[in-house]
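Chains as they are written, first to last, in this note's numbering: chain R, 1 to 327; chain B, 328 to 659.
Source of the hints: derived by calculation from the structure; they are not laboratory data.
Beta carbons: idealized from backbone N, C-alpha and C, even for Gly.
There could be a bad hint or two in this list.
Claimed, not checked - Selected chain R positions facing chain B (Cβ under 10 Å, derived; list incomplete): (1) Thr217; (2) Ser229; (3) Thr240; (4) Pro316.
As the list claims (entries may be wrong) - Listing some non-contacts, in silico: residues in chain R with all C-beta distances to chain B over 12 Å: (5) Arg8; (6) Leu14; (7) Asp52; (8) Ile131; (9) Leu136.
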Amino acid sequence: MLAYVIRRVAQGALVLAIVGFVSFSMFRFMGDPLENILGQEATVLDRQELEDRLGINKPVLVQYFKFMAGALQGEFGVSYRNAIPVAEVIAERLPATLELALVSGIFAALFGIALGVYTAIRRDGFLANFIMTTSLIGVSLPTFLIGILLIWVFAVELGWLPSFGRGETGTMFGRPSSLTSWSGIRALILPSVTLGLYQMTLIMRLVRSEMLEVLRTDYIRFAHARGLSSRAIHFRHALTNTLIPVITIIGLQVGQIIAFAVVTETVFQWPGVGSLFIQAVQFVDIPVMAAYLLLVGSLFVVINLIVDLLYLVIDPRLRVERGAGAH
Amino acid sequence: MSDNTAQPLLRVRDLVVEIPTRRGLLRPVNGVSFDVERGEILGVVGESGAGKSITGAAIIGLLDSPSRIASGEVWLDGERIDNLDNEGLRKVRGRQIGTIFQDPLTSLNPLLPIGDQLAETAMVHLSISRAEARERALAALVEVGIPAAAQRIDAYAHEFSGGMRQRVVIALALIAEPRFVIADEPTTALDVSVQAQILSLLRSLCVKRNTGVMLITHDMGVIAETTDRVAVLYAGRLAEIGPTRDVVESPGHPYSRGLMAATPSPSELADKDLRLNQIPGSMPGLLDVPAGCAFHPRCEFVKDRCRNAVPTSYPSGNSHSACFLHDAEALS
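The following block holds chain R by itself, in its conformation from the complex (with noise of 0.2 Å):
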């Protein structure tokens, strides 16, 4: 089991070193940022002095290292737009985005899984026919174009909710959190709701499936057998082993969440990174983009980590295979 965990966390090591270099390669290739951040009227000594200070003339494996060095130390150069650290914006924006990602992540696995446990317990039912047809919604509508129709129906037309902003901010954890304040929460609802519609019929659906599926199996049909209740069937034994193939999508899910967050966080004009990184785009401010991916790729591989531990915690049986494998 041991093994098991020090070959994941190997592998994960690996593939940041991968996406490390892929947004380092974005120096070299997305144009020339000097030009940006000098302008058109600077002087070849203006160009060479900046060269050196950004360390952009020296060998390409030396410049990885480099970059891979100080990410290491959270340390991603100085941003080329507002000549803060990046490490700086990044950490005065991620709350925003992880607190927004938190809460639609939430969201869509409460009400994911809930709606596919009911649809497929009921699934013959009018209400269970309802909620599958609608989640077709869910699943091909555009998230920009889902952001602006709640806008338009609880923001415009019913003034119920914000439809833009964090609403009032309050301090949790020694950052500042939504969830502190009345209004916060309210901001929140819209956002959420938004980005994590997709991810909520997703599981919905992967739910609904897994569980018919295993609603059929010969452990179930003896369960009945054995006059067990119908709700210690559909929970204790169905819905664990449905959840077993549902958690690797949940956890990919919540990497996704943070990814589009780019989307939703422009709609609703939230200060995450998704839309830092827009404007860092439109600004070719290449070390906070450099940053971002690396972020991103490394919340994805600690997602899959986390995710490949639960299997451990759920199945049994992989423990003991492992364990064995281990020897």
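Assemble the complex: chain R is given as a structure, and chain B must be docked to it using the hints.
Just chain B now, kept in the frame of chain R:
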């Protein structure tokens, strides 16, 4: 209260199971009647599709939709159970009627320790505490012969061999001390060497508790060694029912005769040039069961009457056979 000992433990009367399909109404079980006494093992034998398993599923009310009991009655210990609602049936399952399925590899939930599955079954049916249920689970594992049961009670299904898993399944079926057990091909998925152990375990447990057993199988060897009486099913109908020895040694129904002739005895097996007798043709599908006796197209004794009328049950020696050969009135 009626005197329960006067009537059989399980009484099935004219059971008909129907499956509505687009191509018409199918009857996988078509008017089957039999009794099982306390402490008796009734073997139910027949080819795949003869209606053995569906009869078992109908008794415990676990027919897969859209199959349904169309008519007939099922009585357990003098109480009618075929017309109970879901909750009533749930209380019968596990508590009154235990069920053992064919494949022990897939009958156990892979994610729950076997002790938990045993304890939850005990707790559902007997009003006992979690600690008592666990004690009972342990006792049940000891009873079915799991070695070092105290250490293995928290093990998972995959940590047991096939034979041990079937022992766990038997423990699960019997933990609430049901009066009647349906064992649906309990040894088909097991190694031959393990089959005999499992059957003798099942037999000894049921004799000890005076439990009635319906043992569904297609293996005539299992029938001959384990059962007291045997019912032969053909195309959803009862072909013959009687004491095992009589049916095996002097079968009354031409189909039973064919079955026995196709099963070699040990002395015959020693003969290298042995050719097994086989019944010509094959059992009809549910969509094209012939009129009259379902067996008539394959029967060497077929008469005009067999093509038009469905034979009822006639005495044939110590057994009863649904065959006009035994219609005493027609013969006289």
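Hints that the structure is at odds with (numbers, increasing):
none
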